[in-house]
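Student: Put together the whole structure using the sequences plus the hints.
Keeping their order, the protein sequence lines are chains A and B. FYI, the numbering for the first sequence is 1 to 343, going by this note's numbering. FYI, the numbering for the second sequence is 1001 to 1343, going by this note's numbering.
Hints were generated in silico from the structure; no laboratory data involved. Glycine included, each C-beta is placed from N, C-alpha and C at the ideal position. Treat the hints with care, as some may be off.
[Claimed, not checked] Covered stretches of chain A (chain B as the covering partner; in silico rule of three or more C-beta atoms under 8 Å from a C-beta of chain B):
1) 157-164
2) 211-222
3) 232-244
4) 274-282
There are 2 protein chains.
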Amino acid sequence: MKLPLSIQELNSEHARLCLDIEKFGNLKSGTNFASQKLLIAVSGGIDSTALLIISTLLARKSGGRVFCAHMDHNLREESCQDREFVEKLCSNLDVPCVCKSEDVSDYAVNKSVGLEEAGRILRYNFFNECMKKFDTSFLVLAHHLGDLCEDVVMRLIRGAGWPALGGMDAYDPGRKLLRPLLTTNKLQLEDFLKSIDCPWQDDKSNFSDKWTRNRIRNHIIPLLHNENPSFGTSIARLKSQADQDQNYWNCEIAKSLKKLEQLDGGEWLAPCSLLNKSHPALRCRLFKKIIEMLGKGHALADSITLLENAYSARKTGAVFQFPAGKTATITRKGIVFKISQRY
Amino acid sequence: MKLPLSIQELNSEHARLCLDIEKFGNLKSGTNFASQKLLIAVSGGIDSTALLIISTLLARKSGGRVFCAHMDHNLREESCQDREFVEKLCSNLDVPCVCKSEDVSDYAVNKSVGLEEAGRILRYNFFNECMKKFDTSFLVLAHHLGDLCEDVVMRLIRGAGWPALGGMDAYDPGRKLLRPLLTTNKLQLEDFLKSIDCPWQDDKSNFSDKWTRNRIRNHIIPLLHNENPSFGTSIARLKSQADQDQNYWNCEIAKSLKKLEQLDGGEWLAPCSLLNKSHPALRCRLFKKIIEMLGKGHALADSITLLENAYSARKTGAVFQFPAGKTATITRKGIVFKISQRY
Chain A
1 MKLPLSIQEL NSEHARLCLD IEKFGNLKSG TNFASQKLLI AVSGGIDSTA
51 LLIISTLLAR KSGGRVFCAH MDHNLREESC QDREFVEKLC SNLDVPCVCK
101 SEDVSDYAVN KSVGLEEAGR ILRYNFFNEC MKKFDTSFLV LAHHLGDLCE
151 DVVMRLIRGA GWPALGGMDA YDPGRKLLRP LLTTNKLQLE DFLKSIDCPW
201 QDDKSNFSDK WTRNRIRNHI IPLLHNENPS FGTSIARLKS QADQDQNYWN
251 CEIAKSLKKL EQLDGGEWLA PCSLLNKSHP ALRCRLFKKI IEMLGKGHAL
301 ADSITLLENA YSARKTGAVF QFPAGKTATI TRKGIVFKIS QRY
Chain B
1001 MKLPLSIQEL NSEHARLCLD IEKFGNLKSG TNFASQKLLI AVSGGIDSTA
1051 LLIISTLLAR KSGGRVFCAH MDHNLREESC QDREFVEKLC SNLDVPCVCK
1101 SEDVSDYAVN KSVGLEEAGR ILRYNFFNEC MKKFDTSFLV LAHHLGDLCE
1151 DVVMRLIRGA GWPALGGMDA YDPGRKLLRP LLTTNKLQLE DFLKSIDCPW
1201 QDDKSNFSDK WTRNRIRNHI IPLLHNENPS FGTSIARLKS QADQDQNYWN
1251 CEIAKSLKKL EQLDGGEWLA PCSLLNKSHP ALRCRLFKKI IEMLGKGHAL
1301 ADSITLLENA YSARKTGAVF QFPAGKTATI TRKGIVFKIS QRY
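Tutor: What follows is the structure in structure tokens.
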């Protein structure tokens, strides 16, 4: 395979695709990401193959450097072919590539987690090692608009609230994770690879109904698309509103956090003076944030609602338990949040 | 059929069901609705038959009065049997009943609207006539948790934003519309009717894939339930958060509206002093509200986003067109909203 060396070698449609992807990634990360060191996670499928080539072209244009990480999950017989494909592709692109083989089934059994979860843990452990090794600024993932649609449906099924319902983030600063293809159609990626005569590996496990994600992709999403062929566009718009609202609530929560009072023993008081002038919509989100700040373990939406209802009804003395030994106690001064020393 | 005369005659489970429905309706309407005059819309199916009986029992307890309205759509051969059933049921319950026959197909053809839309228009026209005739405080509708789930999926498909994505309202003060069954399971309603030996009419058109709503109900919802048997509970929780957020944004928008300046000729100025200290999440919702206030015709989310982006980029002089001759012009003082006199 003879791959393009620069964006100028692409036809105008695909040059535009690359530039749109760069623009989206820049907007979301707030920086010119392609001018930096990028670790691209590549399975060898359409999405990540296209991502690797597009990132390489953008980095050449903008002065960045691209590294590749590939993990063999050893869940399919043909997975070693994927590894060979990715190594060949990287050699062709002159991109340093690290591959690692993990026994995902074994890990899943030993740690009593599902196969999907085991794969996820091992994959991100490996990616994080690679990020340290190459000192990269971003872990770049190939999730596209189809993945975003599935994720929104998955979150709807599982009962996510707003704005989490809007789906996975294009940029996660904590994990330095960037998804520049998140509003790009998979068909555009396939079309791009075909136009430059670049092959890819097919993952047959994508068709198995063993995985929730596949059942959503293969059975539910087509029905939604049948009702509205622009379903993907609707979901991209929803995500954009979710990002805007997430930013809004982050700002409001940040203002409120400044008014918390730290008590002895790592306890926090959310004083009545703060809570009484806050709307329940803000209070519920603030409670969630404070409980997260205390340490690991998230509070369920229903538990937060119980706390909110009790506070609204001024149930002084009521104590609410949250995961990992965290509690919230309604007092005359406000709500005291703490974590038990046993945890 | 010999129907119960009071809640005391029900078993404890169904007495509890009736009281929970009353509590939910009171919470949402902010008043003891069952002590007032209620118009119940009854098709004769499970949901509305149960609603009519439950409303009657609640009204007897709380001092209200119940009236019934039934419209024959003439879309199915057996629809006159539904009318006979509803009339018999009302006579049994000692509830005044008004029935009307409409040629929905004819209206759809003449007005060039779809059959569903035609049915909806004629039905609500009829209900509004009945509300005037009986001077009722609420139009009570039988939408239940299953309907809410379908509505959320329908809105997701059609690209609704937040909080509209949370689904139809349990209470619409403008239309005096109340849906006290909105978080009740259809199975509970069926179980209730069976326990009091009350029959109902089956609507065979519920199984036809001709209607979007039926395709969602019969094909998409079962797949979502397969993934999470508590899908309904998740949707009820989402709706509750949507109501909370809707109330939040209504409060914020009301504060902002006080800062608009009325200009000559029915124009409104949203001054920079207001807009610059408002977050984009609030600004977009405020723009939408102002455009609605100018007169009929809603703005698309994408048009609102274009206006927001142009304002953020300070594109002074830019003019944006909205439906029904409405415009927004970015000026140095802020954004001027107006409606052309031709409309």
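Student: Establish whether the coverage given for the stretch 157-164 of chain A by chain B is satisfied; the threshold is a Cβ-Cβ distance below 8 Å, and no fewer than three residues must meet it.
Tutor: holds (count 6)
Student: Cut-off 8 Å, C-beta pairs, minimum 3 residues; does the coverage of the stretch 274-282 of chain A by chain B stand?
Tutor: holds (count 4)
Student: Closer than 8 Å Cβ to Cβ for three or more residues is the test here. Does the stretch 232-244 of chain A pass it with chain B?
Tutor: holds (count 8)
Student: Counting residues of the stretch 211-222 of chain A with a beta carbon closer than 8 Å to any beta carbon of chain B, are there 3 or more?
Tutor: Holds, because 5 residues of the stretch 211-222 of chain A bring their Cβ atoms closer than 8 Å to Cβ atoms of chain B.
Consistency with the previously given hints is maintained throughout, with no hint failing.
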